[in-house]
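Participant: Residue strings, one per chain:
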Amino acid sequence: MEIEIDGKIAQVPDGSTIMDAAQQLGAYIPHFCYHKKLSIAANCRMCLVQVEKAPKPLPACATPVTNGMKVFTHSELAIKAQKGVMEFLLINHPLDCPICDQGGECQLQDLAVGYGGSSSRFQEGKRVVFHKDVGPLISMQEMARCIHCTRCVRFGQEIAGVMELGMANRTMHAEIMTFVGRSIDSELSGNMIDLCPVGALTSKPFRYSARSWELSRRKSVSPHDSVGANLTVQIKNNVVMRVLPRENEDVNECWISDKDRFSYEALNSPARLTRPMIRVDGALREVAWNVALDYVTHALKDITGGKGGESLAALASPHATLEELHLLQKLTRGLGSGSVDFRLRRRDFSTDGKRVGTPWLGRRFSEIKDLDAALVIGSFLRKDHPLFAQRLRQLGKQWGKVSLLSLGGDDPLINLHAQVAVSPAELPLALAAVVKAAAQLKNEPPPAGFEAVEPCASSQAIARSLLDGEQSAIFLGNAAEQHPQAGQLHALAAELAKLTGATCGFIGEAANSVGGYVAKALPGALNAYEMFAQPRQAYVLLGVEPELDCHNPQQALAALKAAALVVMLTPFSDGGAVDYADVLLPITPFTETSGTLVNAEGRVQSFNGVVRPLGDARPGWKVLRVLGNLLALPGFEQDSSEQVRDEVIAAGEGFVSGLDNGVSAGPWSPSAAPAGLQRVADVPIYAADLLVRRAAALQKTHDAAAPSARMSAATMAKLAVSDGAPVRVRQGEGEALLPARADETVPPGCVRVAAAHLSTAALGDMFGAINVERA
Amino acid sequence: MLTPESLKKIDREIAKYPVDQKRSAIMAALAIAQDEQGWLSSEAIESVANYLGMAPVAAYEVASFYNMYNLKPLGKYKLSVCTNLPCMLSGGVDAGEYLKKKLGIGYNETTPDGLITLKEGECMGACGDAPVMIVNNRRMCSWMQPEQIDQLLAELK
Amino acid sequence: MAILGAINPMLSLGLDGDKAWRLADYVKRGGYSALRRILEEKQPQGSVINEVKKSVLRGRGGAGFPTGLKWSFMPRSFPGDKYVVCNSDEGEPGTFKDRDILRYNPHSVIEGMAIAAYAMGAACGYNYIHGEVWEIYERFEEALDEARAAGFLGSDLLGSGFNFELFAHHGYGAYICGEETALLESIEGKKGQPRFKPPFPASFGLYGKPTTINNTETFASIPYIINLGGETYLEAGKANNGGTKLFSISGHVERPGNYEIPLGTPFATLLEMAGGMRGGRQLKACIPGGSSAPVVPAEAMMACTMDYDSISKAGSMLGSGAVIVMDETTCMVRALERLSFFYYEESCGQCTPCREGTGWLYQVVHRIENGQGRADDLELLACVTTNIMGRTICALGDAASMPVQSFIKHFHDEFAYHIEHKKCLVPVDVQRAGSGFFTARV
Ligand SMILES: Cc1cc2nc3c(=O)[nH]c(=O)nc-3n(C[C@H](O)[C@H](O)[C@H](O)COP(=O)(O)O)c2cc1C
Ligand code: SF4
Ligand code: FES
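Protein chains in written order, with my numbering: chain F, 1 to 775; chain D, 1 to 157; chain L, 1 to 442.
A few of these clues could be false.
[Stated by the list, open to error] Below, in silico cross-link-like pairs of lysine-lysine (BS3-like), each with a Cα-Cα straight-line distance of 25 Å or less:
#, chain 1, residue 1, chain 2, residue 2
1, L, K197, F, K56
2, D, K72, F, K132
3, F, K53, L, K313
4, F, K132, L, K313
5, F, K397, L, K197
6, F, K37, L, K313
7, D, K72, L, K190
8, L, K209, D, K16
9, L, K197, F, K80
10, F, K36, L, K197
11, F, K70, L, K197
12, L, K190, F, K36
13, D, K22, L, K190
Note that these hints are calculated values from the structure, not bench results.
Excised from the complex, chain F in its bound form (with noise of 0.2 Å):
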């Protein structure tokens, strides 16, 4: 179709609008409520336009275009309407831009300097709305700035996939609110401030704190998961005041999670850690950096060189950056010593030395539209993956068959296809029977151990989207990696994929996943579990918490507390290496140093530090490299975090290469599930990396509430306990007094505890047995 806007030419296909073809032209026209990823409400009318031979106005946002249509965005009809709408939403918008913390940002500051009227020609008295209390992160203080233009409604219902804003009530008494004085839980939500166009839904921990002009914008991306969405992290005299998306349609499109975006208050913490410590009499004290690094070089030599190589083992985050997890794994092989691993939470490696390549998502994020089917496999899917179940939500929302083979867990606020729940050990049975479904609906015979195994009516639905779909994906989640039988889950996911023809990945547990694999920072000796199993006399730490960050945080302390020697290159002071650490050397966090991260996709994302180190704290890979020269260690001659990341990744290359998910795996047979209850451990969503537990705003959210020992009813009756009692959970020697939480999504049998909280830090396996009994 041919449309003429203001004298140039577009070509657009049937069905766009006016708008559509304006930004194709690069024409701007006037707009509020108009969002290309929110539905068309065409509600502020700022966008009217005049079309040849209309004898209104018509909004460009909503109006289809038709062809060989003539548009006037700036004719004298066009801009008395545009003047007209202005006046009128002026006349309720309090005109207080010096104190507004939009001032300088506002859409409709701008657009009111270019439309409004002189005075205002209306005298009565403004509207009053009153403010609302919605949580710790967005604030409705000033709700009579808001502009009715529901975008932030629609995000809700659209995007997030859940309705927690409305608007109530109707005429100019119309007003935008929760439900009855709720908060605002979706993990989501921050969206929604930078939607508003004016500054009526504003950021809680930024508020006051900056004018956006004092501002300055730098790139970055986040450390938080797997999909390293693009930031624009905000400056003021060295310290970062605020995280906004930076539009990326590839990888986070224009939105962020709450994560992404309120974590940076960590960054501003007390707990920074910014000089080096060292353990002197029992207690940390401060000392200079080469006091630290030679103490450092000194301990390492004499341990390896006393009780060899292998006495020493390396953690590192897989949120690290690529430079630090090839650094680590470097200086540790140098020191003799084949114990290296980012795979924290990992308990099952039994598809080491078995894999073909690099373990990734199998496609990549913007492929995700275009699938017919998915399957997510054992994954808390929107807590775990707020941007990526945003893609599945709006997949599943056209076409595409979304289904889920899950441990239970929050509704991922999918239109579902099929879903399954299962206790985690009955999750590999319950994709075999999926695996067998597609082999009978293919008359292929079963493969060998499959016998017993018994497809239900969910199994066979799930099967047949993956098969009828030309594009079908498997995902398999966090707690498919963090099972016990993560080997065998990856074989059988492996053998679905090809007999339905679907990719196959993993959507990745952290930042950095794929590139820890990248980076090689991977056990020759012991693994991330073994480490601590078998414990050993010194300890190597990049930024891991191991009591929160751990498979078994149980096993990990004791081994730690034992250890001769600890030390840990972390950004913050606090925590338990107060307890543990013998050294601590201040590492800076994301946004004071340089590196790459290798998201989920296999893209890699380097970035520069956009403020400088804090204090002493220097960047990760910088302080490795020192070391490894007072080591006297073969290749740390790097200059710059460049040279670092070129001697992984061939410098320019926008996805790494030798990405497989393939695995060679022996037959499957199905195990007996185990006697009594088990544990199903979740990460909290803000308790997931160092960031964000230590980020004031979201730890005040609910999804940052303590944890619970969450069970069934039936669960709780068996076990006499009643919703809110006290109750002892117990695994291995350490136990927990938690409240006990009636939950119908925990799956019969198990009880759901989660991890990485200090309160079950005592407790060991995330998937193991464990005993309840009333407190």
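Since the structure of chain F is already known, use the hints to place chains D and L with the ligands on it.
Facilitator: This is chains D and L with the ligands only, laid out in the frame that chain F set:
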């Protein structure tokens, strides 16, 4: 929260709509809940929302949009007088004033004994019968001259 | 009996008995014979629609859109669900005809909807009934039960293989739900906020399916059209204005109520049927088509015949056929203030010009009425109305503006007097005398 009888009535309403469009019954369900309790507490709105599988705030949007839902407790009888132009021309406004005087209250107020709440209504679709008023959203009273108003008030006990 | 008078009645013929609304009575009057014939003869859908086209029946809900043409927009062969929806939300001030149709002749609506559903291939319908007329809603539910029991609704109507289910949905107090897309939203369980068009309901209606919406009176006329034949029906009215229509007369007449007359009947005749002006006073002005229609001064009104074309020539609209009669005791500022309050109260609050503009209009008119008008207020009102009109999602913005513009245009002096003298040209006790409310005893 809702009584079994109310739920039964709501089920009858749900049956009018396609199976995947349960929320179409929200208006009827809210009316049923209101009949049961005299007004719509947030608990009532929430239980209706849950019953129909919709977000509570979406149910609240509906409850606050339509005039005949009472979001606050009222007197035993809600008396709405139409004062719109056609009624006004035939005494609607005067009838309202007459009621105010007799009851000693203004619009949106409740008599001290909690018996009657007076409301100014909009066109009730019965302009030919002016003055018109409605008791508790259900009973329409036509041709309400002073005598008829007195009679009505005597009846509302 | 609330149809107070008629000339050549169709809809209101034979409604004298107190059981006129019962199925048996309707059948005795010839009811359901049209539906029966269509089904028995298996008439092609197109020919039913053609008959309606021939009748030049124009929608009785307000816009006067030709019904046959509207029906022909439905994608009849669309394979999925399709709906017919009846608009009985009658909330336009001055209109109270649909209430009487449903009260005395509900089966004509049911039959009309069944015929419409047949003609457009719909299997399901809803009748959206104004919230304040609760007893009408209950009566309609009863009529539906009767029709179902007699096989006029449900599956395999009269053994024809044609299925049609019909349900009643009640409103709960929102004028805007009379707007057809707001009505659909309301049935869907949402706030009654009008949708932007296009797409129109014929392609994206209830639950996103093709839908046709007509007014109660429109549907009620269908059986008569089928029985009489389109041409005869057309001839009952006048060219381009087929048939008879119910007019709701309110205000300063002796016998307010509903009257059925052929389109094209002189206004004077209608006024006479309604007993003439109350107390023999002088006609001052008339709103001929419901509160949203522009007001017409006495002289121009007396020259009109009651049909779409004539009223439109007089600068107004026949609308829903609600005739609001005002005599010399009426203060036009006060009348407008009340109407402006109504539109302000009933704006759905969705789109900017209407949400903000209706409040502004009311506040200014209210000020003038209360002696606080300013010299430039009339100009301001004119300007605000132009900024609303044609720029809103639905026609409520226009509906709120047209009274303001027409009142000021025709009664400018009265407004100016109000502003200048801070009081009304018509003394308050005169206004009260006009209302006919008898307060001697107070
Ligand atoms: C603000 C507004 C209110 C309306 N109210 C009604 C109403 O109460 N009843 C009605 O039948 N049509 C009403 N309409 C017109 C409907 O939108 C629609 O045109 C009509 O129901 C179509 O039926 P018809 O073609 O049979 O007239 C209203 C329109 C607007 C813009
Ligand atoms: S014109 Fe008024 S009633 Fe119509 S959509 Fe806009 S705000 Fe709602
Ligand atoms: S952007 Fe088009 S109406 Fe708001």
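Participant: What are the numbers of the hints the structure violates, in ascending order?
Facilitator: 4, 6
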